[in-house]
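**Q** Everything in the sequence shown is counted per my numbering, starting at 1 for the first residue and increasing by one.
Among the hints, erroneous ones may be present.
[To be verified] For lysine-lysine, the following DSSO-like pairs were computed, each having C-alpha atoms within a straight-line distance of at most 27 Å: (1) 135 / 31; (2) 101 / 52; (3) 239 / 146; (4) 146 / 182; (5) 43 / 54; (6) 31 / 271; (7) 45 / 55; (8) 177 / 157; (9) 278 / 104; (10) 68 / 56; (11) 278 / 25; (12) 104 / 55; (13) 135 / 56; (14) 135 / 168; (15) 24 / 177.
[Claimed, not checked] Pair by pair, the computed Cβ-Cβ distance ranges are: (16) 235 / 154: 23 to 31 Å; (17) 15 / 131: 15 to 23 Å; (18) 24 / 113: 45 to 53 Å; (19) 89 / 130: 18 to 26 Å.
Source of the hints: derived by calculation from the structure; they are not laboratory data. Where a beta carbon is used, it is the ideal one built from N, C-alpha and C, also for glycine.
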Amino acid sequence: MEKGLFFYFKMEYIARNLSNEIRKKYKLIEKLHTQDLRDNESKRKYLLSCEKNKKKAIETISQINSFKIENPCLQSPFSVPKNTKRRLIKEGIENIKDSFKWGKQNFDIYQFDESFIRNLAGRITPELYNEDIGKYREGIQGTTIKGASVTPPYPAKLIDLEIPRFVKVMKRRLISKDLIEKINTAIYSHLHIARMHPFVDGNGRTARIFQDIILDHNHIPLPIIEPGERNIYYEFLDKAIVDWKHKKSNSETTLGSTEGEHLFHTFIAGKINVSLDKILDCFSI
Numbered sequence: 001m002e003k004g005l006f007f008y009f010k011m012e013y014i015a016r017n018l019s020n021e022i023r024k025k026y027k028l029i030e031k032l033h034t035q036d037l038r039d040n041e042s043k044r045k046y047l048l049s050c051e052k053n054k055k056k057a058i059e060t061i062s063q064i065n066s067f068k069i070e071n072p073c074l075q076s077p078f079s080v081p082k083n084t085k086r087r088l089i090k091e092g093i094e095n096i097k098d099s100f101k102w103g104k105q106n107f108d109i110y111q112f113d114e115s116f117i118r119n120l121a122g123r124i125t126p127e128l129y130n131e132d133i134g135k136y137r138e139g140i141q142g143t144t145i146k147g148a149s150v151t152p153p154y155p156a157k158l159i160d161l162e163i164p165r166f167v168k169v170m171k172r173r174l175i176s177k178d179l180i181e182k183i184n185t186a187i188y189s190h191l192h193i194a195r196m197h198p199f200v201d202g203n204g205r206t207a208r209i210f211q212d213i214i215l216d217h218n219h220i221p222l223p224i225i226e227p228g229e230r231n232i233y234y235e236f237l238d239k240a241i242v243d244w245k246h247k248k249s250n251s252e253t254t255l256g257s258t259e260g261e262h263l264f265h266t267f268i269a270g271k272i273n274v275s276l277d278k279i280l281d282c283f284s285i
């Protein structure tokens, strides 16, 4: 192995200084939760209400933006008739909310299997299916993603190899007790559902919703990706997929992160860090 290549693969998934900052903020919030406010009931109620409302606002914005990121044409004037545009946007966002709600109610780290992902996808794009559960891409032909550098796996490989391997990795990683590993696991799921592109449509939304369900399950605030960051988000995602594939082809799967994975994980983790700041604002009174 070339020396430079070895160090390329030894990179951490999330920048260490950012990981440390996230740990400190998360611990501070936990500490503030345990402060004795028995003599100030009104303050206690205010803090609980403020935090709940902040998390809900973050969740709502995250879901609205998730739809906008995948549907930029609906943001352009005159792209579709105004009434049709409003209906499509409203329905699309409601589908994302419905998928997230179902996911929160049914997510179990010990019972996780591939049907969970299919249920999320089915609720995000219900117009494609006669039931709530989504169906994987079929046939002998592959698919392409506009602007992507890597072609997703063919349906046979997707169903027989990629999905089972993904579920196996997730079942092992979901039981971790470490905060940063929980975040990395959530981002990993985002990256690899987007990479596999298992469904006809709604893959990005499914990837982001599954990530957010894992974060929410672990009481970690959700990241907000702004619509204006769409290009840089896809650029990081594409590079992460390209570098992961290169790492895999060189059998270097145990040596840590590639540059692309590092950039993508750090980008999403940075958004989580910003959301932690929003939660901490509640306690700065």
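**Q** Give a verdict on every hint.
**A** Hints, one by one, checked against the model:
1. 135 / 31: Cα-Cα ~44 Å, so violated.
2. 101 / 52: 16 Å, holds
3. 239 / 146: 14 Å, holds
4. 146 / 182: Given that 27 Å is the threshold and the Cα spacing comes to 31 Å, the pair is violated.
5. 43 / 54: Between residue 43 and residue 54 the Cα gap is close to 16 Å, so the pair holds against 27 Å.
6. 31 / 271: Satisfied, since the Cα-Cα distance of roughly 22 Å is no more than 27 Å.
7. 45 / 55: Status holds; Cα separation ~16 Å.
8. 177 / 157: 32 Å, violated
9. 278 / 104: This hinted pair holds, its Cα atoms lying about 22 Å apart.
10. 68 / 56: 18 Å, holds
11. 278 / 25: Holds, because 11 Å separates the two Cα atoms, which is no more than 27 Å.
12. 104 / 55: 14 Å, holds
13. 135 / 56: 30 Å, violated
14. 135 / 168: With a Cα-Cα distance of about 20 Å, the restraint between residue 135 and residue 168 holds, given a limit of 27 Å.
15. 24 / 177: 16 Å, holds
16. 235 / 154: 23 to 31 Å: 25 Å, holds
17. 15 / 131: 15 to 23 Å: 43 Å, violated
18. 24 / 113: 45 to 53 Å: 35 Å, violated
19. 89 / 130: 18 to 26 Å: Because 24 Å falls inside the window, the suggested range holds.
Hint violations for this structure: numbers 1, 4, 8, 13, 17 and 18, all remaining hints satisfied.
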